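Respectively, the protein sequence lines represent chains A and B.
Letter by letter, the first sequence follows residues 1 to 382 of this note's numbering.
Letter by letter, the second sequence follows residues 1 to 528 of this note's numbering.
These are computed hints drawn from the structure, not numbers from a lab.
A quick note: this is a predicted structure, and the numbers were derived from the prediction, not measured.
Backbone N, C-alpha and C fix where the C-beta goes; we use that ideal spot for every residue, glycine too.
Just to be clear, a hint being listed does not mean it is correct.
Below are the DMTMM-like pairs computed for lysine to aspartate or glutamate, each with C-alpha atoms no more than 25 angstroms apart in a straight line [as the list claims (entries may be wrong)]:
1. K358/B to E445/B
2. K250/A to D337/B
3. K358/B to D154/A
4. K495/B to D124/A
Output of the computed footprint for chain A on chain B, the stretches with three or more beta carbons under 8 angstroms from beta carbons of chain A [as the list claims (entries may be wrong)]:
5. 76-83
6. 113-124
7. 165-171
8. 458-469
9. 485-493
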Amino acid sequence: MTNIPLDYETMRLVWWVLLGTLLIGFAIMDGYDLGVGALLPFVGRTDEERRVLINLVGPTWEGNQVWLILGGGAIFAAWPALYAASFSGFYLAMITILLALILRPVGFKFRGKVADPRWREAWDWALFVGGFVPALIAGVAVGNVLLGVPFGLDATLRPHYEGNFFGLLSPFALLAGLVSVSMCVAHGAAVIAARCEGPVAVRARRYGRAAAATTTVLFGLGGLWVAFGMDGYVVTSVQDAAAPSNPLAKTVATQAGAWILNYGRHPWMLIAPALGLFGPLLARHAMGRGASTTAILATSASIVGIVSTAGLSLFPFLLPSSIAPDTSLTVWDASSSHLTLFVMLVATVIFLPLILAYTTWVYRVMSGPVTPDSIGRNPNAY
Amino acid sequence: MIDMTVVDLSRLQFAATAMYHFLFVPLTLGLSFLMAIMESVYVMTGREVWRRMTLFWGTLFGINFAMGVATGIVMEFQFGMNWSYYSHYVGDVFGAPLAIEGLMAFFLEATFIGLFFFGWDRLSRIGHLCVTWLVALGANFSALWILIANGWMQNPVGSTFNPDTMRMEITDFMAVIFNPVAQAKFVHTVSAGYVTGAMFVMSISAWFMLRGRHLDLAKRSMAVAASFGLASALSVVVLGDESGYAATEHQKMKIAAMEAMWHTEPAPAGFNLFAIPGDKENSFEVQVPYALGLIATRSLSGEIPGILDLVELAGNRIRNGMVAYEALQAIRADSSDQAARETFSATWKDLGYALLLKRYREDVANATPEEITQAAFDTVPGVAPLFWSFRVMVALGFYLIAFFAVAFWLASKHRLGESRTLLWIALFSLPAPWIAIEAGWFIAEYGRQPWVVEGVLPTFYAASGLTLTDLAISLGFFLTLYTALAVIMVILMLKVIKAGPSRTNVLLDGVAGGSAVPAGAAAAPETR
Chain A
1 MTNIPLDYET
11 MRLVWWVLLG
21 TLLIGFAIMD
31 GYDLGVGALL
41 PFVGRTDEER
51 RVLINLVGPT
61 WEGNQVWLIL
71 GGGAIFAAWP
81 ALYAASFSGF
91 YLAMITILLA
101 LILRPVGFKF
111 RGKVADPRWR
121 EAWDWALFVG
131 GFVPALIAGV
141 AVGNVLLGVP
151 FGLDATLRPH
161 YEGNFFGLLS
171 PFALLAGLVS
181 VSMCVAHGAA
191 VIAARCEGPV
201 AVRARRYGRA
211 AAATTTVLFG
221 LGGLWVAFGM
231 DGYVVTSVQD
241 AAAPSNPLAK
251 TVATQAGAWI
261 LNYGRHPWML
271 IAPALGLFGP
281 LLARHAMGRG
291 ASTTAILATS
301 ASIVGIVSTA
311 GLSLFPFLLP
321 SSIAPDTSLT
331 VWDASSSHLT
341 LFVMLVATVI
351 FLPLILAYTT
361 WVYRVMSGPV
371 TPDSIGRNPN
381 AY
Chain B
1 MIDMTVVDLS
11 RLQFAATAMY
21 HFLFVPLTLG
31 LSFLMAIMES
41 VYVMTGREVW
51 RRMTLFWGTL
61 FGINFAMGVA
71 TGIVMEFQFG
81 MNWSYYSHYV
91 GDVFGAPLAI
101 EGLMAFFLEA
111 TFIGLFFFGW
121 DRLSRIGHLC
131 VTWLVALGAN
141 FSALWILIAN
151 GWMQNPVGST
161 FNPDTMRMEI
171 TDFMAVIFNP
181 VAQAKFVHTV
191 SAGYVTGAMF
201 VMSISAWFML
211 RGRHLDLAKR
221 SMAVAASFGL
231 ASALSVVVLG
241 DESGYAATEH
251 QKMKIAAMEA
261 MWHTEPAPAG
271 FNLFAIPGDK
281 ENSFEVQVPY
291 ALGLIATRSL
301 SGEIPGILDL
311 VELAGNRIRN
321 GMVAYEALQA
331 IRADSSDQAA
341 RETFSATWKD
351 LGYALLLKRY
361 REDVANATPE
371 EITQAAFDTV
381 PGVAPLFWSF
391 RVMVALGFYL
401 IAFFAVAFWL
411 ASKHRLGESR
421 TLLWIALFSL
431 PAPWIAIEAG
441 WFIAEYGRQP
451 WVVEGVLPTF
461 YAASGLTLTD
471 LAISLGFFLT
481 LYTALAVIMV
491 ILMLKVIKAG
501 PSRTNVLLDG
511 VAGGSAVPAG
521 AAAAPETR
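Let the sequences and hints guide you as you build the complete structure.
Printed below as a string of structure tokens:
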């Protein structure tokens, strides 16, 4: 076996941070595509306005979606137990997300190929579904993770699941879903306001300001609920952070307010919820004053804050189990082997900077306002 | 006990979504290179027709690519959704190439595909050409990592079972990357994709020529496709042979089943040209003497074991696996049991064979001799479907070589347009590469049954514990949506082909001349 520079415990921590990074990358990069999709029928009233919005995300959305694909792949490679238990447990929710996401590539590509208004109107709503539904269900899923998921592991570590699709739609989970939707809509609106002109930009600002305010209110409400209205989970045995991954080797208990314990222990972590609360307010303010770059930075910061808040509150849990808490998955017992984490880290260290570099270059090439005129110049425009 | 209906429906869903996805992937692989070649000629010669070719084939590429992306998202998540025990059991090994595919390849392809379509007026000629090549490279790297992952399922090298974590773990990542099966499969598969791209261009160009339309574009496209197609068709067969050779070494049962060879024959074995495979023997066969032995072992003396002899070997491995299984139970009960650990490390390679018994009973250690015999027979995949799909694939492979050889010869004499017969043949050969490719994947995956990972994990044991309702809903939605999208895609492609390349060109010239083009018409060159 090769000599691995980082010890297993550190490696697991690094991969927990990387998991968060990829999810935040997805929420920022594809989050605005989802937001624009959800806003499409409302911010764009005419066919031309909608084409502006579609061509705003058209050149880059495919690359952005790879953050999701990569997130899935990284969970598979680095947290296989999480990948196995969560995706099979949330089966019908995942199917719903996938069916909605399938509509996006074909919607972007097919819509403009036929001029019939009914055809285009139908694809506009398909693109709305492709934006709104994944944003909603991703949030619902996170809400359910905070509540605890009705899964367990048998002695061979085979996951079993005892919930159903409608069981996922509890009031708290729906609240989390709406936080996610409003967060993406505010972010998408900020991008529209920055890159488009005329009535589209005006409407985007209006929707964006409302969505930003909603994000703050709902996120704050969710925070109070998590702190005072639900039981969190705590590991009650000593976990060896460098032991082989075995989720059956610990005991776990539920405890009121357990999800805010980390903030007491490490007050610096409060930065995350603070960003989640005040980021959207700053974005609202900036959109009102037409400071579009500030608005995008602020909505991005609020995404960082909101996603991080979920991760930090749960730590060290990845997927708490409500029916067999002892089989919950944590950072210390659900990871890949030390060697796999190392191989994946090397690949990430090489390729992630490259990805960021060429993505930046592509955005630079495609920069500038998106207008009916700029679309008209490109026969490949959607 | 495991619900076999759920397992079968999970298999059906995976097969349907994967085979559907692979209708679009090979065209992406092949057409991206053809476009890059055409654009290179444009950049080198500055002749406008080559740019029009790139744009026209690019429009069709885009429709196909959208379908590939739409169906590809599903693939990434289905392992966890439908095959959760698989994900746990081999995620440590299998997840890594999949994630690296995202990092190294798909990000590249997906980021630059946007610039390919939207960057024409924002990049220099060289700049745009680089983008096109990066898209093609990204697509091909993507195939590399996916086939490394799949190659590991066929030949699980570089890994070992860890009793403390109850899963396979990587021991040698380089062995996983340089797995001979994966390498052979990669070149075989991408070459097949190039043939598909070449056939697509040939057929549509032939249709233009039969109609006497867009001749300048069609002739040049055909010439490029003929040479690219010939080279690729040759490499598919040569490298396919390499793939078969690798399988002879690592997947003996698959080879025996493909050949419907029930008994070990004296070397060199004959090749069954035609046979009617039954349950434990063929009721009729026509043999070419020596051929199989020569192809599969590349020697006169190499023996190829028959199905029934392999079943006997499987029986031995099951009994050995039961020892490993018992040792594993002892380790799980007391992780400090050194004797059990020693027994396990001597026998773990047969653990997967013991899991075959899980179909018949939970307490594997108490399996009856009858159950062991039954489980040993389970290692035989369906012989007739494999036998026939292999012959369909090979026949089409040789047909495509012949077709591209004739086309290449005519193209080099500048006589491509003269033979209307060849043009009609080109048009009607359009489905050939797709049929061959789907048959090839069927052989690769169905031929591995009952294993999801050869010798390590039985397929039925790897499925998620979903309900029938779950699967009915997901399968129903997938089939409905996929069918609808297929219909729409074909209609749109036909629309683009009928409109032809000239209209795109008119619009481009119009823009260059400064005239205002209505936005709606620009987006849909084929609409009035």
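Hint by hint, here is what the structure shows:
| no. | hint | verdict |
| --- | --- | --- |
| 1 | K358/B to E445/B | 21 angstroms, holds |
| 2 | K250/A to D337/B | 21 angstroms, holds |
| 3 | K358/B to D154/A | 15 angstroms, holds |
| 4 | K495/B to D124/A | 21 angstroms, holds |
| 5 | 76-83 | holds (count 6) |
| 6 | 113-124 | holds (count 10) |
| 7 | 165-171 | holds (count 6) |
| 8 | 458-469 | holds (count 3) |
| 9 | 485-493 | holds (count 4) |
Going down the numbered hints, you'll see the structure goes against none, and every one checks out.
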